[in-house]
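On the provided structure of chain A, position chain B as indicated by the hints.
As given, the protein sequences belong to chains A and B, one line each in that order.
Per the working numbering, the very first residue in the first sequence carries number 1; after that it's consecutive.
Per the working numbering, the very first residue in the second sequence carries number 1; after that it's consecutive.
Just to be clear, a hint being listed does not mean it is correct.
[To be verified] List time: in silico DSS-like cross-link candidates among lysine-lysine, alpha-carbon distance up to 25 Å:
#1 B:Lys263 <-> B:Lys289
#2 A:Lys543 <-> B:Lys549
#3 B:Lys543 <-> A:Lys549
#4 A:Lys143 <-> A:Lys111
#5 B:Lys311 <-> A:Lys363
#6 B:Lys412 <-> A:Lys363
#7 B:Lys412 <-> A:Lys412
#8 A:Lys549 <-> B:Lys126
#9 B:Lys363 <-> B:Lys374
#10 B:Lys549 <-> B:Lys412
#11 A:Lys363 <-> B:Lys363
#12 A:Lys359 <-> B:Lys412
#13 A:Lys543 <-> B:Lys543
#14 A:Lys374 <-> A:Lys363
#15 B:Lys543 <-> B:Lys562
#16 A:Lys126 <-> B:Lys374
#17 B:Lys374 <-> A:Lys549
#18 A:Lys412 <-> B:Lys523
#19 A:Lys359 <-> B:Lys311
#20 A:Lys143 <-> B:Lys143
#21 A:Lys523 <-> B:Lys143
#22 A:Lys126 <-> B:Lys433
#23 A:Lys543 <-> B:Lys374
#24 A:Lys412 <-> B:Lys311
#25 B:Lys75 <-> B:Lys505
#26 B:Lys126 <-> A:Lys359
#27 B:Lys363 <-> A:Lys412
Just so you know, these hints were derived from the structure itself, not from any lab.
2 protein chains.
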Amino acid sequence: MSKYAIGLDYGTNSCRSLLINLENGAELGSTVFPYPSGEQGILTDSADPNIARQNPQDYLDGLQAIICEAIKQAKQNDPAFDPANVLGIGVDTTGSTPIPVDEAGTPLGLKPEFANNANAMVWLWKDHTSHEEAAQITATAEKMRPEYLAKCGGIYSSEWWWSKIWRCLKTDLEVFAAAHSWVEHCDWIPAVLTGTTRPDQISRSTCAAGHKAMFNDQWGGLPDKEFLSQLDPALADLRDRLYDQTFSSDHKAGGLTAEWAEKLGLPEGIAVAVGAFDAHMGAVGSGVKEGTLVKILGTSTCDITVAPNSKTLADIPGLCGVANESVLPDHYGIEAGQSAVGDTFLWFVHNLVPDSYGKTIGKKFDNMETELAKQKPGESGLLALDWNNGNRTILVDVRLTGLLLGQTLHTKAHEIYRALIEATAFGALTIIKRMQEHGVEVREVVNTGGLSLKNETLMQIYADVIGLPMKVAASEQTCAMGSALFGAVASGSVTLQEVQQASCKIQEKIYTPDPENQKTYAKIYTLYRELHDAFGTAEWQGKMNHVMKDLIDLRQQARSEK
Amino acid sequence: MSKYAIGLDYGTNSCRSLLINLENGAELGSTVFPYPSGEQGILTDSADPNIARQNPQDYLDGLQAIICEAIKQAKQNDPAFDPANVLGIGVDTTGSTPIPVDEAGTPLGLKPEFANNANAMVWLWKDHTSHEEAAQITATAEKMRPEYLAKCGGIYSSEWWWSKIWRCLKTDLEVFAAAHSWVEHCDWIPAVLTGTTRPDQISRSTCAAGHKAMFNDQWGGLPDKEFLSQLDPALADLRDRLYDQTFSSDHKAGGLTAEWAEKLGLPEGIAVAVGAFDAHMGAVGSGVKEGTLVKILGTSTCDITVAPNSKTLADIPGLCGVANESVLPDHYGIEAGQSAVGDTFLWFVHNLVPDSYGKTIGKKFDNMETELAKQKPGESGLLALDWNNGNRTILVDVRLTGLLLGQTLHTKAHEIYRALIEATAFGALTIIKRMQEHGVEVREVVNTGGLSLKNETLMQIYADVIGLPMKVAASEQTCAMGSALFGAVASGSVTLQEVQQASCKIQEKIYTPDPENQKTYAKIYTLYRELHDAFGTAEWQGKMNHVMKDLIDLRQQARSEK
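Here chain A stands alone, though its shape is the one from the complex (with noise of 0.2 Å):
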């Protein structure tokens, strides 16, 4: 008799369940909720560009949607599909997105005394009003505790827990002092479904803690209130009300009470998982284990690895994350990504492409494709560096830019495509030639995301530069997935190894490198490091004058070749 779980993937514009059967991952029901309010479901403010908030409400009314609607497809599409099978449910979230609430755990934004405040809502991820307090903390952890800073890759976003809450604090003093607790939205919905919304009642998310709020064992938990006095001594005293203690997914957050299984129409009880982040769990759903790195590869890139927690792992210079147990149990979660990648190439098409590579943007990108589908590497002697949004990993530099050369009076507009896309990758190896620098296996790549599916050549040119096989998730929802394995799991009838092994499985098609392309790219991505080292770091020193040159010779391989 089969048995099921559900996923719960809280996105930026919508949420989406995963109804899957363990035994084969085998996906029988899955839907998508739009969040009504705002602009897709983001409250903005024309005033200001930086706000990107959501009302919590939205979280509510898509819960339900998304559930009932797996179930019942789930019962059209297995007649042996029965809701008293469903193991438990896990839930993932973008984050870091924390909700202020009160001492009940009802956010703010969900009393009518604060339902027109901004501030009372969910402060999203993408929110960036928090630019100056999270440079604040920087600097003062730069002073009083650079090992806070060390596991989050040197630089405290305007993006994480701190800034947000600061930023709150500073601008809205009512919401603040109404707000008894804090919580991450990856904690809130577990909390709902398990009725343990107290806040002193909440399990807490480690991959959150861990990865954006600076908690560590080492250092007892959350920064210390000297530190955070440091900030603003409401901070400290906040401490007080927010937590001591985090846990992994494979944790049961509680069980489903009896109001919410009845509207759902699941049994009274069933396993709830402690929540986490989306990208952590699209990479346990797209098969994470020691020696895979998971990519996620979408407008930006998250790399996503393990490292066994049995032996000591020493920081690894500019990985913007390394947390305890984040993403599986027993192992440290290792976090890297890439500012742009997706959204370096829909910069390019949208406003350097001329329409004689088509009328639409989906056919000037098919179009660039068909062309240097034809290339050779080398061929075009072009070189970008991939900073056109920074360098989140190694370099963990905001303020880095893009990069072009090699351009002739012959370049044509889908050559510096497939310059562009080489230079992710070229960011790609440099990311993995770090970890494993420092101790961290990476013997194959699982890739996941829109551009894993859709874009063939780009996986050619990745599995070419980066000399591993590519191979790409076969599930299109490895986020939810990973939710519903962890949900699973936390019934505690199944192990998270099994039920990894027997629903996360890999497309036919692997991208194998081509030794030929590989030799080449060898050599480009040896100028690529050069001038990632020389406008990236301040310890470079050598000659940029063969650079060009180089180029033009591998150029002149590559055609004399053809």
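Only chain B this time, still in chain A's reference frame:
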């Protein structure tokens, strides 16, 4: 009673005439004759894109047509005009554009037996079949006669005299053997008009010989036989059938023959000046003098000035040509250039500007110029190198390529266009600085050529970057104007100074540097120069990691001031 002169300007695709009143430079007649042969006047070969030849018959057909039409127009435009008052004719052409001729001075290409042999035709300057010969000449001169290279910037070009002739020797012995001598296009037209086509009678141009044939009185004229033998003994033999004396264009090549006088309706015996290259004549027609740099702004640029030859001028590193009296009598002619200016903009608009800027190339340029005129220096955060076609001056290196940095996810096409314009301005400033550092005065810049007439934004950027007022020559036919002036001077009845003063006007609109913009551009130029030296020279050492950050700072400053 006014005196008149006629200038003939033989370009790449057509020739044109200009008949002026020497009292005031009034342009009374002008017409264009497109060469009828080949593609836009160029004999090409689909099997070898490097081939570019011309049919000498086109020159002869054009000669009569353009002079007669100019006279006809002058009669219509000015009732007082009388052909009897034409003092002389001057001629400029492209170059180096050598023609193989027989003992009588008849181009081989006009002889029936060679009518179908492209090698017997005129070898147009842009014929690049001889790139290997050019490289061998450079290598041989480096070893044997470094002084030859010092006068032409360190590298001998495939666009020049000896490369082309040697190429003919190597690939078509029949033509080479039939060629009693070789004549520059600019020497052949005056020879035709004056009936002095026999090679030993032709007055050879100082300008062509000095800039392209390594002719210099310092070493006794043309390269010596030992050097030429090292290339090929047949070239050393040819030296005896070339020339050992050259003339500047204030000299008379001869008097108009009775036959041509009749064909053209001009007095027999009037002066025909020794020819010169188009850019040099254009400089004269733009009013070049000590302290005045003339920039001929086209697809590439030619920058020309003069320095008195009363004192020795040391070699200027990286300047592609210093030749005595190649521009003005009693002066060194100093020639520099940028390999791609208008060509870079054309490349950009053809390949990387979307139709949102307009459906035609013209509209795209117009709309981009409207947009970029709203921007302040530094505002885009972009910086480019102007090397899409290599760097002619001051690096003399064709193995260089374009570079653009500072791109973000918000960079627009018109911002890149501005960065490309700025890059060419920085390149122009680098040339001026090099001249000034070696004792050549540059106090003002007079611009001529298409871009100076139609791109006001570009002209203002040039003024702000270079820090000198940008003037624009009043005549739109400065090359033909310069030729006409020399036609008059060769008559012996006027001096160049007096006719230049009377005829070479500048347009009312002068582009004056804006002090604020100048300050910002001085900062950006420092960064340009660092990139220039880092990527372009072996000597550079330093750091690159501040470049992107400095540009971000300048961008923020520019935006905050808006």
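Quick rundown of the hints versus the structure:
As the CA atoms of Lys263 of chain B and Lys289 of chain B are separated by approximately 36 Å, the hinted pair breaks the 25 Å bound. Proximity of Lys543 of chain A to Lys549 of chain B is assessed by CA-CA distance (about 20 Å); at most 25 Å being required, the pair is judged to hold. A threshold of 25 Å between alpha carbons decides the hint, and for Lys543 of chain B with Lys549 of chain A the separation of about 20 Å falls inside it, so the pair holds. For the hint pairing Lys143 of chain A with Lys111 of chain A, the CA-to-CA distance comes to about 40 Å; that exceeds 25 Å, so the pair is violated.
In summary, the hint linking Lys311 of chain B to Lys363 of chain A is not supported, as the alpha carbons are separated by about 65 Å, beyond the 25 Å threshold. This hinted pair checks out: Lys412 of chain B and Lys363 of chain A have alpha carbons roughly 21 Å apart, not beyond 25 Å. Distance restraint check for Lys412 of chain B and Lys412 of chain A: the Cα-Cα separation of roughly 17 Å lies within the 25 Å cut-off, and the hinted pair is therefore satisfied. Between the alpha carbons of Lys549 of chain A and Lys126 of chain B the distance comes to roughly 23 Å, so the proposed pair stays at or under 25 Å and holds.
Taking the CA atoms of Lys363 of chain B and Lys374 of chain B, the gap is near 17 Å; set against the 25 Å cutoff, the hint holds. Straight-line distance between C-alpha atoms of Lys549 of chain B and Lys412 of chain B comes to about 20 Å, which keeps the hinted pair within the 25 Å bound. For a cut-off of 25 Å, the pair hint linking Lys363 of chain A to Lys363 of chain B stands: about 24 Å separates their Cα positions. Simply put, Lys359 of chain A and Lys412 of chain B have alpha-carbon atoms about 19 Å apart, close enough for the 25 Å limit, and the pair holds.
Of the pairs offered as hints, the one joining Lys543 of chain A and Lys543 of chain B holds, with about 10 Å between alpha carbons and a cut-off of 25 Å not exceeded. Note on Lys374 of chain A and Lys363 of chain A: the hinted pairing holds, with a Cα-Cα distance of about 17 Å set against a maximum of 25 Å. Distance check on the hinted pair: Lys543 of chain B and Lys562 of chain B sit about 31 Å apart at the alpha-carbon level, beyond 25 Å; violated. Of the supplied pair hints, the one linking Lys126 of chain A and Lys374 of chain B is violated, its CA atoms being roughly 31 Å apart against a limit of 25 Å.
A threshold of 25 Å between alpha carbons decides the hint, and for Lys374 of chain B with Lys549 of chain A the separation of about 37 Å lies outside it, so the pair is violated. Restraint check for Lys412 of chain A and Lys523 of chain B: not satisfied, since their Cα atoms lie roughly 32 Å apart, outside the 25 Å limit. A distance of roughly 63 Å separates the Cα atoms of Lys359 of chain A and Lys311 of chain B; the hinted pair therefore is violated under the 25 Å criterion. At most 25 Å may separate the alpha-carbon atoms for a hinted pair to count; Lys143 of chain A and Lys143 of chain B exceed this at roughly 61 Å.
With a C-alpha separation of about 33 Å, the suggested pair Lys523 of chain A and Lys143 of chain B falls outside the 25 Å cut-off, and the hint is violated. Pair hint Lys126 of chain A plus Lys433 of chain B does not hold up; C-alpha atoms about 48 Å apart against a cutoff of 25 Å. Of the pairs offered as hints, the one joining Lys543 of chain A and Lys374 of chain B is violated, with about 38 Å between alpha carbons and a cut-off of 25 Å exceeded. Using a Cα cut-off of 25 Å, the hinted pair Lys412 of chain A and Lys311 of chain B is violated, with the two alpha carbons roughly 50 Å apart.
At roughly 23 Å between alpha-carbon atoms, Lys75 of chain B and Lys505 of chain B fall within 25 Å of each other, so this suggested pair holds. Of the pairs offered as hints, the one joining Lys126 of chain B and Lys359 of chain A is violated, with about 37 Å between alpha carbons and a cut-off of 25 Å exceeded. Proximity of Lys363 of chain B to Lys412 of chain A is assessed by CA-CA distance (about 21 Å); at most 25 Å being required, the pair is judged to hold.
Hint check: violations occur at hints 1, 4, 5, 15, 16, 17, 18, 19, 20, 21, 22, 23, 24, 26; the rest are consistent with the structure.
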